[in-house]
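Protein chains: 2
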Amino acid sequence: MPRYRLLIEYDGTAFVGWQRQENGASVQGALQRAVKLFCDEDAEVTGAGRTDAGVHATGQVAHLDLERAVPADKLRDAVNFHLRPAPVVVVEAAEAAADFHARFSAERRHYRYRILNRRSPPVLERGRVWWVPKPLDAEAMHGAAQMLVGRHDFSSFRAAQCQAKSPVKTLDALTVRRDGEAIVVETTARSFLHNQVRAMTGSLKLVGEGRWTAADLAAARDALDRQAAGPNAPPEGLYLTRVDYP
Amino acid sequence: MPRYRLLIEYDGTAFVGWQRQENGASVQGALQRAVKLFCDEDAEVTGAGRTDAGVHATGQVAHLDLERAVPADKLRDAVNFHLRPAPVVVVEAAEAAADFHARFSAERRHYRYRILNRRSPPVLERGRVWWVPKPLDAEAMHGAAQMLVGRHDFSSFRAAQCQAKSPVKTLDALTVRRDGEAIVVETTARSFLHNQVRAMTGSLKLVGEGRWTAADLAAARDALDRQAAGPNAPPEGLYLTRVDYP
Numbered sequence: 013m014p015r016y017r018l019l020i021e022y023d024g025t026a027f028v029g030w031q032r033q034e035n036g037a038s039v040q041g042a043l044q045r046a047v048k049l050f051c052d053e054d055a056e057v058t059g060a061g062r063t064d065a066g067v068h069a070t071g072q073v074a075h076l077d078l079e080r081a082v083p084a085d086k087l088r089d090a091v092n093f094h095l096r097p098a099p100v101v102v103v104e105a106a107e108a109a110a111d112f113h114a115r116f117s118a119e120r121r122h123y124r125y126r127i128l129n130r131r132s133p134p135v136l137e138r139g140r141v142w143w144v145p146k147p148l149d150a151e152a153m154h155g156a157a158q159m160l161v162g163r164h165d166f167s168s169f170r171a172a173q174c175q176a177k178s179p180v181k182t183l184d185a186l187t188v189r190r191d192g193e194a195i196v197v198e199t200t201a202r203s204f205l206h207n208q209v210r211a212m213t214g215s216l217k218l219v220g221e222g223r224w225t226a227a228d229l230a231a232a233r234d235a236l237d238r239q240a241a242g243p244n245a246p247p248e249g250l251y252l253t254r255v256d257y258p
Numbered sequence: 013m014p015r016y017r018l019l020i021e022y023d024g025t026a027f028v029g030w031q032r033q034e035n036g037a038s039v040q041g042a043l044q045r046a047v048k049l050f051c052d053e054d055a056e057v058t059g060a061g062r063t064d065a066g067v068h069a070t071g072q073v074a075h076l077d078l079e080r081a082v083p084a085d086k087l088r089d090a091v092n093f094h095l096r097p098a099p100v101v102v103v104e105a106a107e108a109a110a111d112f113h114a115r116f117s118a119e120r121r122h123y124r125y126r127i128l129n130r131r132s133p134p135v136l137e138r139g140r141v142w143w144v145p146k147p148l149d150a151e152a153m154h155g156a157a158q159m160l161v162g163r164h165d166f167s168s169f170r171a172a173q174c175q176a177k178s179p180v181k182t183l184d185a186l187t188v189r190r191d192g193e194a195i196v197v198e199t200t201a202r203s204f205l206h207n208q209v210r211a212m213t214g215s216l217k218l219v220g221e222g223r224w225t226a227a228d229l230a231a232a233r234d235a236l237d238r239q240a241a242g243p244n245a246p247p248e249g250l251y252l253t254r255v256d257y258p
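Sequence lines, in order, name chains A and B.
Per this note's numbering, the first sequence starts with residue 13, numbered consecutively.
Per this note's numbering, the second sequence starts with residue 13, numbered consecutively.
Chain A extracted, bound-state conformation:
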């Protein structure tokens, strides 16, 4: 039973998230339906990261097993054909080892968060960024962000419905830089808690506004209480950009 690895891009706006749910269209559901239309198989498509409603991906990775082997390029093109007009595409498809698992084999996940930091609302990037009209200090945000790098209990940045066994995670990197009118937050870890990137970004915004210092962010981290940190940044600025495997 051949296994395939897919690199997937999607616009999360119209979806309830990656994972199949009762209450609306999911990215996983769209992919599984396209596979069914192509080869009449009920394959499960397993993703590396279960992104929330509204969150985008340029580098989601998934795997699936098919009963009958097909060339990987044909799988990619056929699934893309049947996905239309849903805003999801398979960018690459390749045959994978039988023990490759998109979720459990992943060594590192990379997310990017884009803030449009200008007085005027977004137009060309509508639904692709968080609009923050007041000027943010990207350098201060970057400095404070270093308080979160390393091994910590991230309970202050964890959604109530998070299913992870432990709130202790190791954050490999969290950087903030200005790119013209945008503020770009990038972060890397083996895995993240539910809403962790959005909760960290929402807290960093408080630093960027001058309402919080780096010490305030460290105190929020040490409080081990979701109420101590800032509100979640909205989903539309968040992108799963890459997943690394051995």
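Just so you know, the hints here were simulated from the structure itself, not pulled from any lab data.
Keep in mind that a hint or two might mislead.
A pair counts as met if it fits within one copy or between any two copies, since identical chains are not told apart.
Heads up, simulated SDA-like pairs for lysine to any residue below, C-alpha to C-alpha not over 25 Å straight-line [said to hold, decoys possible]:
(1) 48 to 92
(2) 146 to 50
(3) 146 to 94
(4) 48 to 25
(5) 48 to 81
(6) 146 to 223
(7) 146 to 98
(8) 177 to 119
(9) 146 to 71
Following the hints, complete the assembly by docking chain B onto the known chain A.
Quick look at chain B alone, frame taken from chain A:
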């Protein structure tokens, strides 16, 4: 009668173009209506470049005169408020000299054309790029593009309905580079003929595919016949990015 200069961004998808027309919503019309709603004046908003239906702008410039002076920042914010939900925003507004004219004072116009050059269709950039699935040779395109730089009769790259007095224009720059999965074409001139950038880009695509050489492009230029050049690239990849003034 104070004059204002506006820097404007828009998503051209939903518009018949910059200029007010009978058959649909224009960017100019959206701006004039927003000004009217703000201060009840029937000001004419004059743009630097009359972009076609579907063409975007990140750096369109326009001017308007008001009977009653208002702070420029207030004009920007109020017009943006009344523009919603139309995909147009005023990024900057400033008071301008009485003899400033967005169209006639312009010394140079800059356009960018984005091609998504990968097998899979666009998702996050849907409506923002021209999708060309076959691999393009950006270096060959750049080399050939130099055949069009300088002072030439651009009749081969001119729409039938072009209203310019002369087809002779001086192209200051035309560059092509690869940026990951994108091919970026950038060009600068004092002014362009109607559809010139799209006709040049459509011809450069033939070079990128290996169907045309640089010599073929030069021959198309010298034919002085629109039929000799390639078809227009579609509008959704084109952006007016900047206008320079003295």
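Against the structure, the hints come out as follows:
no.	hint	verdict
1	48 to 92	within (12 Å within a copy, 46 Å between copies)
2	146 to 50	between (49 Å within a copy, 23 Å between copies)
3	146 to 94	between (43 Å within a copy, 20 Å between copies)
4	48 to 25	within (24 Å within a copy, 33 Å between copies)
5	48 to 81	within (14 Å within a copy, 63 Å between copies)
6	146 to 223	within (12 Å within a copy, 50 Å between copies)
7	146 to 98	between (35 Å within a copy, 22 Å between copies)
8	177 to 119	within (18 Å within a copy, 63 Å between copies)
9	146 to 71	between (30 Å within a copy, 21 Å between copies)
Of the hints listed earlier, there is not a single one the structure fails to meet.
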